[in-house]
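Asks: Hey, can you work out the whole structure from these sequences and the hints?
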Amino acid sequence: MALLEVENLHIAVGSGGKLLPVVQGVSFCVDENETLGIVGESGCGKSLTSLAIMGLLGDSTVRITGGSIRFDGMDLLTLSAPERRAIMGNRMAMIFQEPMTSLNPVYRIGDQIAESIRQHQQISRSAARDRAVELLTLVRIPNPSERVDSFPHQMSGGQRQRVMIAMALSCDPKLLIADEPTTALDVTVQKEVLELMADLQDRMGTAIVLISHDLGVIAETCDKVAVMYRGKIAEAAATADLFAELAHPYTRGLLNSIPVVDRDVEWLEAIPGRVPTLEETLTGCAFHPRCALATDFCASRAPETSQFKPNHSVQCHFAGGSTT
Amino acid sequence: MNIINFLRNAFAGRKLATVGFIWLCFILLAAIFAPLIAPFDPLEIDPVGRLAEPGLPNLFGTDHFGRDTFSRAIYGARMTVIIGVGSVVVALVCGGLIGMLSAYFTRLGHFLMRGVDVLMAFPALLMALVLITLLERSVFNTILVIGIVYATTTARILYGMTLKLKGEVFVDAAVCSGAGHSSILFRHILPNLVSPLLVQASFIFAFAQLQAAALDFLGLGLPPEVPSWGNMLSEERIYVTRAPWLLIYPGLLIVLSVFSMNLVGDALRDSIDPRFKDDIAGV
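So the sequence lines, in the order shown, correspond to chains L and P. If you read the first sequence in this note's numbering, its first letter stands for residue 1, the second for the next number, and so on. If you read the second sequence in this note's numbering, its first letter stands for residue 1001, the second for the next number, and so on.
Just so you know, the hints here were simulated from the structure itself, not pulled from any lab data. From the three backbone atoms N, C-alpha and C, an ideal C-beta is built for every residue, glycine too. The reader is advised that the hints may include incorrect statements.
Just the calculated beta-carbon pair ranges, DEER-fashion [stated by the list, open to error]:
#1 P:Pro-1191 to L:Ala-86: 45 to 55 Å
#2 P:Ile-1032 to L:Thr-183: 55 to 65 Å
#3 L:Ala-198 to P:Leu-1163: 49 to 59 Å
#4 L:Ala-86 to P:Val-1255: 54 to 64 Å
#5 L:Glu-41 to P:Leu-1163: 29 to 39 Å
Replies: Structure follows, in C-alpha cells:
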C-alpha cells in the first residue's frame, strides 16, 4: 500500500445553485522516498488537488464531491478536525507558492519554526529553538544561530522559501506537498531549492508531491509524473517513460512550447486556443477543441483511462498517434 | 526599545503632535500623583470663600461651594484617564472579539455583524444616552456605556482586517502545521492587528473624553460628587457671567486634551500607514 493514495477525487466549485466540476476523477499514489510531479496549465486543478489533500478547502464554495484520499491507511476525508490537526504539520506538511507571504510578518522566523514544532511535540522553548537553528542549518541558511532571530522582511525570497521548507520539515514529515515551491524564485535560487528538497528526501525518505507548470523542473526532480488537463489526469507515467514516448497530444504540445536553445526557430509552437472555462460544457474529450488529432469521435465520446505501455496510462483515443 | 523607536519615528518632524504627547504625559502624571499635587481636598466645602477669583492660594479660583477649582481639575485628570483607559479596554476587548470572531467564523459573523450594524445606526451620543438611562449613574457604568458605543466601530475595523489576514498564505501555513482555531486567531492573526488596535485606542481615548464630558454636562454621566471636567462645566454653568474662570479652565483642559489625543492618534496612524502622510504633513 502506498503512503498517499488519491482515488477518483472529485472537487466542485459552487456558484449559485449549480456545482461546476473542477477536478474530475483524479487518482494517483505516492510511495515513501518517491517524488510525484503534477504538471498542468493554470486552472487545471493541480493546486486544488493539493489543497484537498491538506484539508485547506475550508471554504464552503469549494467542495470535495467524491473520491477518497488515504494517507498511511487513514481516510483523510473522514477524520475529525483534531485528528487531522495531529497529522498536519507533523506527518504531512506543505510548502506554498509565495515565500513572500507565507511567513507571519510579526514573528521572528525562529519562533515560527519553534511554534510548529511545539504544536506537535512536548519540548521546552529552548529545545525547540535549538531544533530551529538545526533546521536552518539543514536548509543552508548562512549564520543560522543569528538568522533565527530575523524577521521575515529581513530575508530574501529564496531564504524565506528555505525557512518554509525548514518549517515543513520540522517534525520529519512522511509526506511533503510542494505547490509550485520555486515559481516565485529566480532560476539559480530555484535550482538550489530543488536540490535541497532532493537532498532532504535522500536523507529522510520523505515522499514528495511536487506541483509545477514547469516540465523542466519536473523532468529533473520527479520519479513519476502526472499531467493534468481541465481537472483530469491526461497522462501519467514514470518520468523516464513519459519523456521517452509522449502519448497524449497535450503533453506533446506542452513540451513543444518550450524554447530549445540549439534550434533556431522564428516562432515558438503554442497549443492553439485556450483552456475552456468551467462554464463551457464540453462533450467528449476536454482537449478536442485544441487537438490536432481530434475527430468527430473525440467530440462525442470522452476517452477512458487506458494503459499505453506498462505503468504508462493515458486518456486519449489516439494515444501515441503522431502530430506535428 | 522597539516602542521607543516606534514613538521616535511617529513623532519625528511633527512638532504639534510632540507637544500634544508631552501634554498627555503631564495629564497622566497629574492623574497618578493627584493627591500630592492638589493643594486642597477637591471635595472640601468652604462657604466663606465661594466663587473666589483665581490667585493665591486658589490658583483657578473656587466654585460656588467654595471648593478649590485647581484641585478639582487635578482630580479631574484622574477621572479623564480612568474613563479613557476603561472605555478603550471595553471597546477593544468587546469590539475586537466580535470583529475577529465574525471574520473568522463567517456564519457567526452574519449574525454578529448585523447586530453591530444596527447599533451603528444610532448616533453615538444618543445610544450612550439610551444605555445610561437604563443603568445607574456610576463611574463603571459610564465606562461601560462609552466602551460599548465605540466597540461597534472597533468591531467593523477589525472585521475587515481579520478577513484580509485570514486569506493570507501564512494562515494557511499555520493550518497546515496543525494549528487549531484559537491558536490561529490569537497567536497568528492578533499580533498582526496590534498597530491598528493601537491607533484605534488613541482615537477612542479622545472620543471617550468628549462623550464623557457631554454625558456629564447633560447630568447623565458620572455621579455629581465626582470631580471630573465635565461635571465642573455642568455644575458651574449658571455662574458663567459672575465667575467665567469656573468654565474656562475645565473647558480648556478638555479641549487641549482631546486635541492632543487626536494629534497623537494621527501621528501614530501615519507612522503605521504612510499613505495618509501627505494630508497633514508638518502637523
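Asks: Now, for every hint given, state plainly whether the structure supports it.
Replies: Evaluation of the provided hints:
Restraint check, Pro-1191 (chain P) to Ala-86 (chain L): a C-beta distance of roughly 25 Å breaks the suggested window 45 to 55 Å. Distance hint check for Ile-1032 (chain P) and Thr-183 (chain L): the Cβ-Cβ separation is about 56 Å, which falls inside the suggested range of 55 to 65 Å. Roughly 39 Å separates the CB atoms of Ala-198 (chain L) and Leu-1163 (chain P), a value that falls outside the hinted 49 to 59 Å. The hint said 54 to 64 Å for the Cβ distance between Ala-86 (chain L) and Val-1255 (chain P), and at roughly 59 Å that hint holds.
Hint check: Glu-41 (chain L) to Leu-1163 (chain P), Cβ distance near 30 Å, so the stated range 29 to 39 Å holds.
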